[in-house]
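Student: Each chain, written out:
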Amino acid sequence: MSKISDIFEKEMKVINMGLESFRSSMEHQHVKVLQVDWKPPAGGNKKLISALLKLKKISEEANKEGVERIINSQPVLMDVKKAIDVIPGMHKKMLLHAGPPITWERMCGPVRGACMGALIYEEIAENPEKAERILSRGEIEFSPCHHHSAVGPMAGIVSSSMYVYCIENKTFKNKSYSTLNEGLGKALRFGSYDKDVIERLKWMEQVLGPALQKAVRLSGGINVKNLTAQALQMGDECHNRNIAASNLFLKELTPYLLKTDLSKEIILKVFQFITGNVHSFLNMSMAACKSSTDTILGLKNSTLLSAMARNGTDIGIRIAGLGERWFTAPAGEPKGLYFPGYTRVDLLWLQHLP
Amino acid sequence: MAVKNIVKKNRYLDSVLLMLISNQIKELDGIVKASVMMGTDNNRALLEGDGLLLSEGKEAGANDLLIALLVKDNADLEVILEEIEKLLSQKKKVSEEKGSLIPKSMESALSIMSEANMVVISLPGDYARWEAEKALMKGLHVMLFSDNVSVEDEIELKTLAREKGLLLMGPDCGTSIINNVALGFANIVNKGNIGIVGASGTGIQEVTSLITNAGCGITQAIGTGGRDLSARVGGLTMTGALEALIEDKKTEIILLISKPPSPQVEDKILDILEGCPKPFIINFLGGDVEKSKRRGYKVAKTLEEAAYMAVAFVKKEDYKKIEFNYPLHEIKSLVEKEWSKFSKDQKYIRGLYSGGSVCEEANIVLDDLGILINSNAPIREELKLKNSKKSVEHSFVDMGDDEFTRGVPHPMIDFTLRKERIIEEAKDPECAVILMDVVLGLGVHENPAEEIASAVVKAKKIAEEEGRYLSVVVSITGTSKDPQNRDRQKKILHEAGVIVMPTNAQAARFSALVVRRES
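In order, the protein sequence lines correspond to chains A and B.
FYI, this note's numbering numbers position 65 of the first sequence as 65, with every residue one higher than the one before it.
FYI, this note's numbering numbers position 218 of the second sequence as 218, with every residue one higher than the one before it.
Here are the computed lysine to any residue pairs in the SDA-like style, where the Cα-Cα straight-line distance is at most 25 angstroms: (1) B:Lys33 with A:Gly336; (2) A:Lys10 with B:Asn180; (3) B:Lys316 with B:Glu252; (4) A:Lys335 with B:Lys26.
It is worth saying that the hints were derived from the structure and are not from the lab.
Given the structure is predicted, the values throughout are model-derived calculations rather than measurements.
Please put together the full structure from these sequences, using the hints given.
Tutor: As structure tokens, then:
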């Protein structure tokens, strides 16, 4: 049935693509018109345009399904456990890292530094020099977090003894993991490996991790998506601004923390650690996202991205319909804001460590 | 140089905002280093590491704003602090800018204007095709102004439009008027009850303008694009548009304008009209009218006739064929005044057209009067001009044809080529009349009469200097509601010594009388 005559009954509202003069013609006639600032798609590559259009048709249904899966996901924090006990494929001589796969030779400074710190923390190496030697000899297996249903901020280094958040997507029953956030300043995720960093990691393993484990288990599960939704309303974007989310998390956690058999001092220390770190929520949020987007990994014909991640050397994407395959490109230089005393030169130095 | 610390107690600002502000402060006069931060332990340590922390700064806490500066000795601290305060108290602009978002794609345009129902596309042909397909997929009607879309693509798009029940006007659709909104090159015309579907841009312009100038109006004028009635495309848009006009309650009479369709398509269209409950008029310009006549359909030979037949219907009058809108004796005296000034060798009409269909119509009118016209778009194959740039005897050139427009704007927009040609014809001792169309409306030149007039004045002077008189006859396609205003344009042309006729067909007839030196 033709709908053509429908438009005769309606006010015409126009999208104009091309000649600007047509837009002014329509404005002259008091017609509502929106000009598109059009540029050739796909850089003007006709073969690519034609392919993209075909792809659009093929992928429409699958993408709708993909978006629904993500929306219907219910990531819930169920447990806090040691990486080696819970992350699939994890072993003592494995380090998980951010972004697509990478070798020691091609790693940028901060990721190398974090790897070295992790070996010192795991007591595989006594000092940075030994750590570097072990790493350069290929005695450690590197693997992207994304290959293990895991994620981590910045360098994203996960080693076997670290405690990780265990998220379960209640709708689809898949799980995801991420480390506990170390706080601001010098931290392993930025590539620092000095004494303070290692000591804090040890404290997290000995005190924070077990305490969170007890409290989270008592809670029966904390819905991360609900916290995210509230925090977004409160001004967080839940990436670099997590203050509301971190406080909301603490509000959920505190009663259970108090219900544990832990001493007041420990509870206070845990409490202070979380309040002292506005990014406490970040890692949990990342794992929640991971558990949501993992539901489209391998979704046939879908052109949605199931992952986008970088490791300082490469940036990689995974396209849902193409499963576990990575598509990578050299990481671009971030246009950042610098703390006083630091400039772009410091960044370049970090990126081009020999 | 000196380090300065200023602490603003209990003033909280977002850290990212503060980093941005710090960057702006660094640009101020007299500043060497600058940092504005909340006074947290971490931040104070950072400042200390950079030698920017004084004892007063050390007192700052996590809820205090700490301004740390390294200033030149001659710096005016008061001015600097004033500037910093301005930066700190500025409002975020992000939300304010939302209203002026400029979409980069059809998708984002739709997210801003979700109620859009028409997309006008005038992009290069290769891309136009894809955007048109996207628009149709999203359920939007499309006017595809662009040319250079392949026949295969045209068929694919039109089939898609048909499946979706949408209107696809074009490719290569120059003119459409939908709901009285002029799209592309079109005139501002009256609202009324005449529905038009046409495979010709200037044809639609001439007919809708004549209808308006006669005091009637239109419902819709749907352009199909020039190739729609070819055997391969099969009139996909024309048939859909016809059906829509038949359905449309406001349309009381349908006018169909086109160059001659392929025989199969003609049959298809005539079949649809067979069941048409509304009166209709067919104008296959230059085509064989026998088939239509056999079926007893009303047929118009020219655009003028098509318009005036429709006007007669609306005014409930009997249609009478006319030669001129003015009394014949007035015309004849005007004709005589023109040719009486000719020298003896001046015999030929030179038609310089910007619109293909009006060129064709003028050609048909003169052919009917027994005057054979050479042309780059002739109605008889043997009259094809060998060189479109060089007139031979009676010659009409469609300067909107591809061979003239390659790489330059259309002659309705840019008059350079037509003006050059006017001068060239004036130099030819055998040229008697220059016959032209002046097309008004949206999308075209803002003052075409002025362009033509300036060349005509020069041309007439050239002829005069060589002992001749150059007659210039023009018809204006347009209305008094057009931005250029038909009456104003007419005045400009009159002042340049141009004869302005009310229709294109009449301008052609007038020229014939002039070269035949009738009286």
